[in-house]
Each structure stands twice: as structure tokens, then as C-alpha cells.
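Engineer: Listed here are the chains, written in short residue letters.
There are 4 protein chains.
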Amino acid sequence: MSASLSRPRVGVWLIGARGSVATTVVTGCAAVTAGLHPPTGMVTETPAFTGSGLPALSDLVFGGHDTLDCPLPKRAETLTAGGVLPPGVATAVAAELEAADREIRPGGPTPGDTRSEAELITAFTDDIRDFVHRHALERAVVVNVASTEPASQGPGAPLPASTLYALAALRAGCPYVNFTPSEGMHHPVAAREAGHSGLPYAGRDGKTGQTLLRAVLGPMFAQRALRVRSWSGTNLLGGGDGAALADPAAAAAKNAGKERVLADTLGTVPEGEVHIDDVPSLGDWKTAWDHIAFDGFLGTRMILQTIWQGCDSALAAPLVLDLARLTARAHEAGVSGPLGALGFYFKDPVGEGPAGLSEQYDELVRFGRSLGRPDAEGGGAPPVGDTGETGGAL
Amino acid sequence: MSASLSRPRVGVWLIGARGSVATTVVTGCAAVTAGLHPPTGMVTETPAFTGSGLPALSDLVFGGHDTLDCPLPKRAETLTAGGVLPPGVATAVAAELEAADREIRPGGPTPGDTRSEAELITAFTDDIRDFVHRHALERAVVVNVASTEPASQGPGAPLPASTLYALAALRAGCPYVNFTPSEGMHHPVAAREAGHSGLPYAGRDGKTGQTLLRAVLGPMFAQRALRVRSWSGTNLLGGGDGAALADPAAAAAKNAGKERVLADTLGTVPEGEVHIDDVPSLGDWKTAWDHIAFDGFLGTRMILQTIWQGCDSALAAPLVLDLARLTARAHEAGVSGPLGALGFYFKDPVGEGPAGLSEQYDELVRFGRSLGRPDAEGGGAPPVGDTGETGGAL
Amino acid sequence: MSASLSRPRVGVWLIGARGSVATTVVTGCAAVTAGLHPPTGMVTETPAFTGSGLPALSDLVFGGHDTLDCPLPKRAETLTAGGVLPPGVATAVAAELEAADREIRPGGPTPGDTRSEAELITAFTDDIRDFVHRHALERAVVVNVASTEPASQGPGAPLPASTLYALAALRAGCPYVNFTPSEGMHHPVAAREAGHSGLPYAGRDGKTGQTLLRAVLGPMFAQRALRVRSWSGTNLLGGGDGAALADPAAAAAKNAGKERVLADTLGTVPEGEVHIDDVPSLGDWKTAWDHIAFDGFLGTRMILQTIWQGCDSALAAPLVLDLARLTARAHEAGVSGPLGALGFYFKDPVGEGPAGLSEQYDELVRFGRSLGRPDAEGGGAPPVGDTGETGGAL
Amino acid sequence: MSASLSRPRVGVWLIGARGSVATTVVTGCAAVTAGLHPPTGMVTETPAFTGSGLPALSDLVFGGHDTLDCPLPKRAETLTAGGVLPPGVATAVAAELEAADREIRPGGPTPGDTRSEAELITAFTDDIRDFVHRHALERAVVVNVASTEPASQGPGAPLPASTLYALAALRAGCPYVNFTPSEGMHHPVAAREAGHSGLPYAGRDGKTGQTLLRAVLGPMFAQRALRVRSWSGTNLLGGGDGAALADPAAAAAKNAGKERVLADTLGTVPEGEVHIDDVPSLGDWKTAWDHIAFDGFLGTRMILQTIWQGCDSALAAPLVLDLARLTARAHEAGVSGPLGALGFYFKDPVGEGPAGLSEQYDELVRFGRSLGRPDAEGGGAPPVGDTGETGGAL
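In order, the protein sequence lines correspond to chains A, B, C and D. Going by our numbering, the first residue of the first sequence is number 945, and it counts up by one from there. Going by our numbering, the first residue of the second sequence is number 945, and it counts up by one from there. Going by our numbering, the first residue of the third sequence is number 945, and it counts up by one from there. Going by our numbering, the first residue of the fourth sequence is number 945, and it counts up by one from there.
The set of hints was computed from the structure by calculation and includes no laboratory data. Every clue listed holds true.
Pairs involving identical chains hold if they fit within one copy or between any two copies, as the list cannot separate such chains.
SDA-like, lysine to any residue: derived pairs with alpha carbons at most 20 Å apart:
(1) K1018 to R1049
(2) K1018 to E1040
(3) K1018 to S1091
(4) K1018 to R1046
(5) K1018 to A1039
(6) K1018 to P1031
(7) K1018 to P1030
(8) K1018 to E1047
(9) K1018 to G1032
(10) K1018 to A1043
(11) K1018 to E1042
(12) K1018 to A1038
(13) K1018 to P1050
Construct all of the structure, not just a fragment, from the sequences and the given hints.
Structural biologist: As C-alpha cells, this is what we get:
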């Protein structure tokens, strides 16, 4: 495959590399590359992004950190039994799973870990640099897909692991994407360093189900001048995410993102709570029920209810691939700072941008176009950074 | 109220003037004008339309045609008992209901009617002209809110009543809005005449519930590159509309509009049917269940279900007021032809325009702005007609 | 109405006599008696109870305790505006509402109340005795329909108000029904006294919505040998009950009852949680969503979801009337102790009995028949008490 | 396995032997026998039936008729891919699938078939007799699990295929079970012959989803004296059944059974329709939405909605095994005529019996007990036949 080898390759370094999402990312990228499945769910494979100069799926190389040991092919087998991966795919791409498995390094801190925060950051940075070096990668994007952490403990507390990884990404010169509600680059220590890094970053908390719906239904009520009185929701999910989010501290971060979508699209925060229940028997499947009470003309009371039954990893994986490609290309194009144009993907987006999904989509398409222009026209308009403050680093 | 009298007043001539929607329109306009209720559900009362030069609610004068006899105050009482109108409102605006009631003329053709089509059109035209004349109205908009008719019978068949009224509107020099799926101005005879009339017109079939949702959810699936495999729906509704739509011929027109939204937003027509059931005990309330089966990454099967429980008349009435105001202002501003910019309101819009609700909203706001400019700036850019072909023909 | 006056009359003493449930009880009893509405929801008005010798609705006299001041006619007006009572009924039975209002005495302890527990019990007992005496009632039943209290605080804590009222009922010689999850007669102090009282009592926590459904769906799964893996639920409710149950301590008592139904009908406790959310804008209406994941043949995963939208007071009121009549008749017939045969009505029934609704119904009908026999046959089989231990007090 | 060979073996002759239900029956019986899966969904494996003398699962031998050619192992593979059978099971029981496959004979009439009805019946009878003979079976039960036929065409029409098979069962001396809504033994020609045959028979139309729910919810409303105003339903299903039932004539038979359950449990037929939609992409999975509008106290309007998402074949297969065992044992015990005691399993049961699921369950358990008594006590009470007319005639 000399053609492939001569093309610049791009690394995708996954924090939580042995989790369900990461395993689906690696499996799916290989399956789509091999033509076994169409790229359903990947926005970057639609015609709107043809000219954006994104790295090809076949040019992505996977590695990452994880604190667990279970080999990727084994994880893929479990996901197949659970109906997340279709029968036969994991076997068909066993070589790619094994290749990625060899590039996973131990994460941390693990229980009893005696390393200091500085030592951990250094170790993580070295792992990423070594990955880039050994594979002669043009660049690598660090993507956090690890289980949600409890919300931060305040000023004096130790740095959360997600922030250690974010700092390692910065020190290794890598763009960073936080697909989880964990703190990551939002911690003041990392945010400060990110501001000076000249690197692009995106996040946080992928918008895959209930919040995706809220981002289209919220604007509908606002545009129709209907008054939302209450918006209540319950999420049932199993898998690791269910257990992690059953911790109220972890759920708090996630729910803040969900509420932000409503506040931003409705202009007010309606009554109502959001519950996240751990229901282990649901495995990787999640069900979200939303109940919206609204007033119509003359105060008439009406109700909308939605029930979303999806597979979390299958919803997240194509977005992770999208984000890795877009962020890598943004880095290549010299964009730096918070990538507000990627708000389409997130519950709680960095930078500035609209809150309604349709406008976020339009902005994403514009961003994609801006990435493509310089290649095609040799010196046209500069790519669209998020804000003048940080985007002018070119 | 000399100030009010000196301001130009605008007529709203309702076809089906004794129906639930019309009664809610008249009651609600008076109640909002009197400050008894906020204008929930009226998009034209939001800040985006402040400068559009729309007629004030207090300047609207109501009349119309109907084949039934029941007085409006009596209808309002029934709607109050059914929970459509809040307790007390009908009594509070009894004077306005009686005033509108006095302006309702007999519709047709009624069973055994011996008048020819030409005679009916002339009678309807005279009624409208008389209304405009007696009230010294600056203009009047004709709005069809009558029960849905069976789909047309083909070339040789008699003109449907909705088309007789549409022709009367044209001959009376009035803009026309078809809020129902009936044929109205779509009949070739009327369409031809409309093309030469220099009048603006809009329609058809108000987007009030299930199709409103489809117009935001369809784009969501398309934007996320998720593959919709089937989209099935059932509507339960009582009232006159339930009975009318239980006729398969009447339902066919309505369902065509619903399918068009999916075809236009998804790019394909998914599997699945739409049912409309007459459930008299639901009265004016309707419930719409939608079941959407879609594929995610690697073909994983997922499901979204929505349940919409709304009051049809309360959903329709503020949109009818919006449409009357916008169409009247468009007429005043010299816009003619199909008002594609009003696609936000319709299942099956006339003219050209986007299919997703969010883009339709943007277009509506642009249209509102275009209506306002000439007044404010005295000779700025001309208002936005639907297409070059017919716009500006006045 | 000399016939009516000569018939023995029965008192219904409501704890929480100004609440939504009590107001609906008094209004509804009068409206049904007057023939304004059929007795929908009253099981004791079905043919199965014709010969049970129950007191007629027209023979019930209402009174009660409450810590609030709002007059019953005013409360009924509010409930009419909220759609709980149909328009016109409250006005039609204004005399009966005023009569009941005159029989409401101040409850307690109120904030700052300096009376001792013994003093409060004595005051309550005197109020009840006075009510019975002044109206020359044959007997009176005390029914707790007050807001749910927080769960008890342990051995040394003060007696909850519900237990003070329960003790007053015993001392006044009145049968007692606890329609709420509050402790009432379950407190050890009251339970001990009840055991020696020779009085019948019933409870607790009326089964009006989600748990009613669970009591028929649980047996279905068990009878079909389907394995329920998880049963999750969310309740949205406004009104006073929503606010009271938003307190986790109050919700705990309620949820225990809900779980008991599943444990008793399924034989195991499935995964899953129950949430009770206070959503004030829903008023007296409540929505309960249940999600049940179960295994079929060969472990195939299936899902049942239910959505119950009901009006709490309208669901509770006819059951309260049923319970007052049945308990009064049981007292008359000499039945004492826990009335396990009334498990049909409760989430967490006293005494012994089946958990499935259908078997509970059969037992209720048998109980009704047993109450009737002595009257008809003059000395046939004794009525069915709950257990031999306490039922032998005749 | 000499022990097994010496025990009397029982044949299960499946009409539609290559369909999804039949394939799941054969696969599941083998998998449960082998201890690969617990007998979830099989009521006859619960303790209540321990002493009923039912044939062991390991003693069942499968054969049948089908007009299709696809080998059973291939069908099982397809069902595995569709998520109906768990991964690995079909392979584990390949030998049993092949053994059953060898016992499948061509059904009919096929398109262009020139055989007369009498010839077809004779051919089918010979196939069944040959099966019993070659395997030295003690007896065989014929079970119809073929696709639903269109409703019968009236007096002069040819006998439906299901009736040809039913007649063949009678002539071969075999008990008969109709798990479908097809006419089968209900055709007057077959009904007459069944009456004289001294054979037991059961049916029709297995109660696996929406109607199962209706059979527990209908009694709930009746027992609580709540007035059901409308009961509307929509079923979405793919697979062969979806296509067959999209034919209105076939759906008519099925819907009649669904309505019967409501009429029998509620005492009236509420408003509302039932739709059955063919949605091929759902495969063997079906979704049933029910919307029930009911009145509570004083006419307050309330709503219950249910959504059932199940796998039709996995729901049906354990019931088919139950029915084969119970009917075989009834035959052995000398019961003849319509088995009304099996109403628990059917939408439209033969014979007499209650309509509520809970009472049907009680009757089933009594029936099971009656089957066991003669064995255990050597000459106790005779087994419970359905009606005196035909019961005990052997």
C-alpha cells in the first residue's frame, strides 16, 4: 500500500482506549475503510465536507491510554454479544483491533499510584510523543472518551485525571477533544496553558441522544412562540457510563450541559429535573424519556413526550471520528483556540456559537468549507477560527 | 376610540367562520387585544416582527362564510366546556363574538343548492365586497379554515367549494390563505386566475402538530447522517376534523402533505404509513404518535418515538392570525404571487422554500424584515416576493 | 326527607379536610347523590356490592381536621379552574360544601404549637366525638388524606401528626383508614393500641396510578413466566403532593410501597429506580412513565413502557368514598383489626392478602358479600375479618 | 440415551414448519433441553405444572408441512442475524434442526396445484400418520403456526388451506391447536367433523403482545369502575406476518380477536380502531402502541398509553411448546372437544371461559392440576373438559 504510506498519516489518541466508545471507533473506522459498512452517522463523509481536506479514514492510526487491561479484540467480542457491533465485524477487522491494542499504554492515576501529578503528565506526554514518532505521524489528536469523572472538588483539590491528560496533549503539541463531561481542558490550570499553546481544542460532552433532541425541539418551541412550562427527563443506561453517572457528582456535570441547551434555546430555564439511572441490564443501550409541558394560545396546556432508544457507543463513535478529522485538519490549517464551530457535536460547547442544532449545522458546514479553501485556491480567505482572541495565531 | 377609527383597519374573512378554529381566532384576538392573555403562539408578536408594519390585532375586523347556523357565542361556550378556551374568556369578549357573528354570511353549496358555480362565486364575492365596504376596510384577507374536503375528483368534476371561495377572493381583490389541505387555489382553474391577479396567496395545510415535529426531526436525522428506515404515525382526533379525515379521500390530501415534509427533509421516503382516526370522545384534542426506526453507525438499529398531545384549534388560531397579518402586509407592500416565505406555517407550501423548520423560520424573519424596510426608509430595497416570475407585477 | 333522617347516618372525618382529595370527595359525593354525575370510579356502586349493606352516599356526613384556612367552596373553585372538577359542579353543590366546611376543625401541631402530644390527641378526639354527637351519627370513619409526611425519625422522635390523628380515632372509637404513605396507625405506639381497640382499620397509601398498573402488569409477567430484568419509573406531579414528595424522606415511604407491589407480584425485586418530581405547573395532574425491560424465550430482550396521565384527586376521591363505606360497614358488622381484604385499594396493605390486582378484586368482592350475609339471612356465616388473631373480637 | 428411548415420545407437527415461529420452537426446545437456556416464557415449566404429567421437552419430536424450501438451519441463521435467536444457539443445536428439517413435507395447495381438496387432505393425513409410525410416537399434536390467511370468502368458496390441515389432523387422530387467526377448525366443515372426533382442540390466535396487555388492562378498568371511552392501537411489524396482515382481509380476522378481548373484559366496545402496518425493516420485531382514553370521577378525562416492543417469534414459541404439551396430555387423559381452559393463550378462545388474564391463568392452573390427578391418585376426579357436551366422551 505504498500510496497509503506516502500519504501523511494522522494519529487518534484515545483516553479510555479500551472502553465501549473507543472500541467502536476503532472497529468502525476499519469496517468502513474496508467497505463492510456505509459511513452512517459520520457527518464528515457527507458531500458537504468533500472539499474540506480532511484526513482519510484509512490514514487514521489509533492508540491511547487506559487503566484497564482487557484486550480490544476481547472488548469487541463483548460488544458484539451485546448487539452494539454487528455479528462478524469484529472478526473481520481483528488485525486493526490488534494493531490499536498494541498502541495502548497504561493510564493513571491508578489506585495506590505514587507518581506525582507532574510525573503522570510527563509519562502521558512521552507516550503520545513516542506514538507520533514511531508511526511518523504528521500529527495526532487526543480525544477523551473515558468514563465521566465526578465533578471537581474545588481550588485545593488534586487535578482530575482528565486534566492531566489534557495537559499532556498540550505538551505533546496535540489538538484536544473532550467528548465527555469531565473537566479536562476546562480546569483553570489547563485552560490557562491552552490559551498560550496555539493549539485548537473542542468539547465538551458529546450530544448523542436526549440533548440532541432538545437542541432541535427547544428552538421549535421558541420559533413558534410556545411557552414551555416544564421539561422533565429520565435516562436509563447500563454499561460503565450508567454506573459512573449514578454518582450524583458525575451526573451533575452532565446535567449542567443538558440544562444549558434548554436555557440557550428557550431563553429561560423551565421547571423539571433530569435523572440518570444506572440499569445494568440495559448494557450499552440507553433510553431517554422527555416530558415537555407547554402552553399554547390562551394558555391551553399541551404535552410533548419523546422516547429515544439508542446505543450510546454507536451514536458516539462516528462523531468521535468526525471530531478527530475536523480537529486534525483545523490544526493543519493553523486554527487555534476553542473550536466554537464544532458546537453541533457538544452539549456544552467551548467558544461562541448558536445553541439550536440547525444553526450549529450551518456553522459546521461553513467551518468545513473554510478549512478547504486554502488548499483549493492557494491563498484564499483564512480559515474560520472561533474567536479573534485566539484564532489569530496563524 | 377615535385613534383606532382613524387607523386603517384590515378585514379577516374566514371560510368556515363558525368552526372551532375560527371561533378560537376571534375569541383569542379579542382576549389578547384586551390584555386578558399574552399572545402565546403568535410568532408575529415576537420582537423579530416589531418593525414589519403588520396591522395591529386591534385593527382586525372579522367576518366570513359558513354553511352552519350555530352562533359564535354558543360555539365559544362549547369550546370552553371542552377545555379549548379557558373559563371566562368567552364571556369577557362576548361583544366581539357577537360583532363577528353578525358578519357571517351563508356559505355553499348546501345540499339541494340550485345555484350554479358562477352564481355561488358571485354571491361570495359580493359578500366579501360588502364587508369591506361597510367597514371601510383598507383591505381584507380571505382565510380558509373550513373542514377538509375530499380530494378532487378529476378534470370533469364540479369545482370544490374551497375553490369557489378562492375564486371569490380573487374577484374581490383579496389576498388568500388556505390553512387546510383542501384544494382551494391549487385547482388549475383558480391557479390560472391567481397568476394574473397580482394578489399574494399562501398555503396550504397548517403545520400544527405531527408535521411540525417532523419538520424539525427530519433535518436532525439528515444533518447527523443517520439513516431513517421507517417513519410511522397515527393521529387520533375528534371534533369535526376527525370525522372529515376519517374519509380516506380527505385523509389522502392531508397525508400527502405529511409525506412531503419527510421526503424533502430526508431526501428519501422511508417505509411507514400515517393513520388518521376519528375518536369523537377526544373532542378538539389530538394525539399523534410517531415511531421512527433509524440506523446508526455500523447499522445499529435505534428508535425514536414522539407523542404529541395538543388542542388543534389552540395550535391553529395564533398561526391564522399571523398569516392574516403577514399576508395583509404583503399585499399592502405590493408583493404578489405565491408566498413561499410562509412555508414555516404549512405542510405543503406554495412557491419555493426550504423544508426544515429552522431554515423556514429564518426565511420568515427575513420576509418580515423585508416588509418593514420601505416604510422605515422610504424607498429602500423592495420587499421579498416569492419568485421573480410573479413578484412585483402590480 | 324524613326517610333520610330516620336512617342511621355515618360520619366521614377527613384528616386534611381542605386538601384537593377531600374537596373532591365532598363535592363528588354531593354531585353523585344529586344525580349530576354517574358514580364513575366507585367500586362500591357496582352491582357486586348491592347487597353488602353499605351506608348510602346520601347518608354520609363530612367533617375533618386541617391546618389550613381556605374555605371548601373556594378550594372547589380552584379545582374547577384546574380542570379537576367539571365546570358548574362546585356551584351546584355549594350548600354541601359549606356544610362540610362548618365541620372542619383546626389540625395540628402547627408551627409554634405549644400543646403536648397528649393534649393534641385529646383535642382531636374531642373534635371527632363532638361531630358524632351533634349529628347523632351512628358511627364515623376517620380517613387520612393529608399531605405525605417525611418518614419517621426513629425511636426517640416525636409522634408524627398522622399518628396523633390515628390515636384520636381509636380513642373516639372510630375505624381508621390511611390513604397516604404517612405512618399513621403503623407507628408502634398506635399499632399496639389498635390491637386492643376492637376497631377495624385499613391502609396504607392509595393505589391510584403507577402502582395500580404495576399490580396488574407484575402478575402478567409472572403468569407468563417472563423474566423482568428492570422496572424503572418516573412520576411528575404538581400540587401539594408534588412538593411534599420532592422531599426525599417523604418519597422514601411512598416508593417503598411501589416496590413492595413488584416484589410481591414478581417474586423478586428487579433493577431500577422510581423518581417523584415536583412539577408545579402540572397542578393536580400527574404523569407516570414506567419502563420495563424483560427477557423472553432464549433471553430475547423486550420492552414495555406505560404512560399514565391522570388527575390524582379524581382518582383518589371515589376510592376514599368506597373505603369509608366499607370500613363503616365492617365496623357495624363487628369486624376488627387490619382489613387485609381491602388490599385492592392500597400500595402497602395492612394484614394478609394477595398482591395482584385481580385476586385483590376477588377478595374485595368476597368481603363485600360477607358483610351482606348477616343482614339478609339473620345469623349466617360471620363476616370475614382479616386474620383470626384480631378478627375474633365480636 | 436408552432411558429416553424407552419413554413414550410425542410428536409436534407444525403447519408452517419453516417459518420464524416454528424455527424458534425447534431451536428453543433443543436449547432448553440441553440446558443452554432457562425455559423463560414457558408456563408449563413453572412449579404449578409439575404434577400435570406433561410430556418432557426432551420427548418431543418435530415435523410438519410447509410450502417453502429453505432448510431449518438456514432459517435459524437468518433469525440469529435478526436478533431473534441469541448468537451460537443455532449452531449448538444444528443436529436437532437437521432432524426436524428431514421431517418436513411439502404443504399445499401451491400455485398451480391440480390436486383436489380431498386429495390434499389425504396427502397431509398420510404425512402425519407416516411421521407417527416411523418414530413410534405415542401421539402427535398438530399446531398451526403458518402465516395468517385472508378471511374466508363465504359458503361456496374453496376450503382454506388451514382447514385442509385441520381436517387432516382429525383424520390422523391428532389433537389440533390453531395459534393463528386463520380459520382452521372454525370452518363449519371442520367444526362438524371435530364434534364427532373425540379429539381435543384449541385456538385461536396466540395472545402475545398487544392483546395480552389488553387482557390485563381491560379488567383493571372494569374492576375500578372507570369508564373507557376509546381504545386505539397501532401495530408495526415486519417479517412475513407484517406482509400477510397488511392485507385488510387477513387483518380483519386478527382485529376481531383483539376487539373481542375488550368487549369481553369491559362489557362494552369502546371507540377506536386498530391498525396493523407492515414495516419490513422491523424484521421479526413488533411495536404496539395503545392509547386508552377513560373517564374518572365526575367525568375527568385521563389517558393511559402503552408501548410494547417485542419479538413475535420469541413470544410465540414458548406458548406453542406449552400448548403442544398441554394438548397432548389432555388427549392422553381422555379430554375431548374445545379446550376452553386454554383461553390464557388465545385472543379468540374456543369453548367457554373468562376473558381476563388473571382468571384465565387460574383456570389454566386448575386444568393442569386436573390433568395430573388421575396419574397420581389412580382414579380420582375425571379431568376437566371444556363443556359437558363433548368432555369425557372418550
